[in-house]
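Peer 1: Same order as they appear, the protein sequences are chains A and B.
According to this note's numbering, the residues represented by the first sequence are 1 to 114, in order.
According to this note's numbering, the residues represented by the second sequence are 1 to 111, in order.
I should point out that these hints are in silico values taken from the structure, not numbers from a laboratory.
Treat the hints loosely; a few may be bogus.
[As the list claims (entries may be wrong)] Pairwise CB distance ranges (calculated):
{"no.": "1", "chain 1": "A", "residue 1": "T80", "chain 2": "B", "residue 2": "S20", "range": "41 to 47 Å"}
{"no.": "2", "chain 1": "A", "residue 1": "T20", "chain 2": "B", "residue 2": "S68", "range": "42 to 48 Å"}
{"no.": "3", "chain 1": "B", "residue 1": "N55", "chain 2": "A", "residue 2": "S27", "range": "33 to 39 Å"}
{"no.": "4", "chain 1": "A", "residue 1": "G28", "chain 2": "B", "residue 2": "K2", "range": "33 to 39 Å"}
{"no.": "5", "chain 1": "A", "residue 1": "Q96", "chain 2": "B", "residue 2": "S82", "range": "29 to 35 Å"}
{"no.": "6", "chain 1": "A", "residue 1": "T53", "chain 2": "B", "residue 2": "S110", "range": "29 to 35 Å"}
{"no.": "7", "chain 1": "A", "residue 1": "P61", "chain 2": "B", "residue 2": "R77", "range": "26 to 32 Å"}
{"no.": "8", "chain 1": "B", "residue 1": "S82", "chain 2": "A", "residue 2": "T38", "range": "23 to 29 Å"}
{"no.": "9", "chain 1": "A", "residue 1": "R9", "chain 2": "B", "residue 2": "S68", "range": "21 to 27 Å"}
{"no.": "10", "chain 1": "B", "residue 1": "S68", "chain 2": "A", "residue 2": "T7", "range": "44 to 50 Å"}
{"no.": "11", "chain 1": "A", "residue 1": "E52", "chain 2": "B", "residue 2": "E45", "range": "24 to 30 Å"}
{"no.": "12", "chain 1": "B", "residue 1": "S68", "chain 2": "A", "residue 2": "T80", "range": "44 to 50 Å"}
[Unchecked claim] One side of the interface only, derived from the structure: several residues of chain B facing chain A at Cβ under 10 Å:
{"no.": "13", "residue": "L99"}
{"no.": "14", "residue": "G102"}
{"no.": "15", "residue": "K103"}
These figures come from a predicted structure and were not determined experimentally.
Every residue, glycine too, gets a C-beta built ideally from N, C-alpha and C.
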Amino acid sequence: KAGVTQTPRYLIKTRGQQVTLSCSPISGHRSVSWYQQTPGQGLQFLFEYFSETQRNKGNFPGRFSGRQFSNSRSEMNVSTLELGDSALYLCASSIQGGNTGELFFGEGSRLTVL
Amino acid sequence: QKEVEQDPGPLSVPEGAIVSLNCTYSNSAFQYFMWYRQYSRKGPELLMYTYSSGNKEDGRFTAQVDKSSKYISLFIRDSQPSDSATYLCAIGGSGYSTLTFGKGTMLLVSP
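Isolated chain A (complex conformation) (with noise of 0.2 Å):
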């Protein structure tokens, strides 16, 4: 059973440019979850999407923005992005999501903003 897939893996942008990270889910999940993790703020919950809604959002500004896709595959967006940007963004699916399931995560795309 294949994982969660994120790409890119790696990436450099400089400030005040955008960026778009991809996440394919496990087969059948259908909650994705993107958090942020930073040494200093450890792992912070971005946004949650379930059957292509927003379900939950975290403590960000709006130009941190996302969607899903009908068949679960999930997508985040960062405007403007500034040096504090710079971070391992996770991914992570679940089948039912929220805050009791098992969260399968991917290995990450980390984003450096110079």
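Chain A is already provided as a structure; the job is to place chain B on it using the hints.
Peer 2: Only chain B this time, still in chain A's reference frame:
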């Protein structure tokens, strides 16, 4: 006070040692307690999942939950160099729409 507190470490132990990793939490509404393990340059993977107070054992790993003290622990027996990773506690429950993660404790097991 943060909802979940976890000592970042690093925690260095010799091979074969018993390791104790801990998290404290502030809200008694939490009901689900998990430990994730994250190797360098990898995503976290679920290691242990507990729902109630008490102990749950899986091989060399034991998860312990003390709801009265709002304290959770992960014990690793006969630690191996392959256990070297960052261990994150994660907590969830009714009233919380998502899991809340600790910042993780880095464990280094030397041969």
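Peer 1: The structure should be examined with respect to each hint, and the outcome stated for every one.
Peer 2: Okay, the hints, checked on the actual structure:
no. : hint                         : result
1   : A:T80 <-> B:S20: 41 to 47 Å  : 44 Å, holds
2   : A:T20 <-> B:S68: 42 to 48 Å  : 47 Å, holds
3   : B:N55 <-> A:S27: 33 to 39 Å  : 34 Å, holds
4   : A:G28 <-> B:K2: 33 to 39 Å   : 35 Å, holds
5   : A:Q96 <-> B:S82: 29 to 35 Å  : 31 Å, holds
6   : A:T53 <-> B:S110: 29 to 35 Å : 48 Å, violated
7   : A:P61 <-> B:R77: 26 to 32 Å  : 45 Å, violated
8   : B:S82 <-> A:T38: 23 to 29 Å  : 26 Å, holds
9   : A:R9 <-> B:S68: 21 to 27 Å   : 44 Å, violated
10  : B:S68 <-> A:T7: 44 to 50 Å   : 45 Å, holds
11  : A:E52 <-> B:E45: 24 to 30 Å  : 27 Å, holds
12  : B:S68 <-> A:T80: 44 to 50 Å  : 47 Å, holds
13  : L99                          : 6 Å, holds
14  : G102                         : 7 Å, holds
15  : K103                         : 3 Å, holds
Hint violations for this structure: numbers 6, 7, 9, all remaining hints satisfied.
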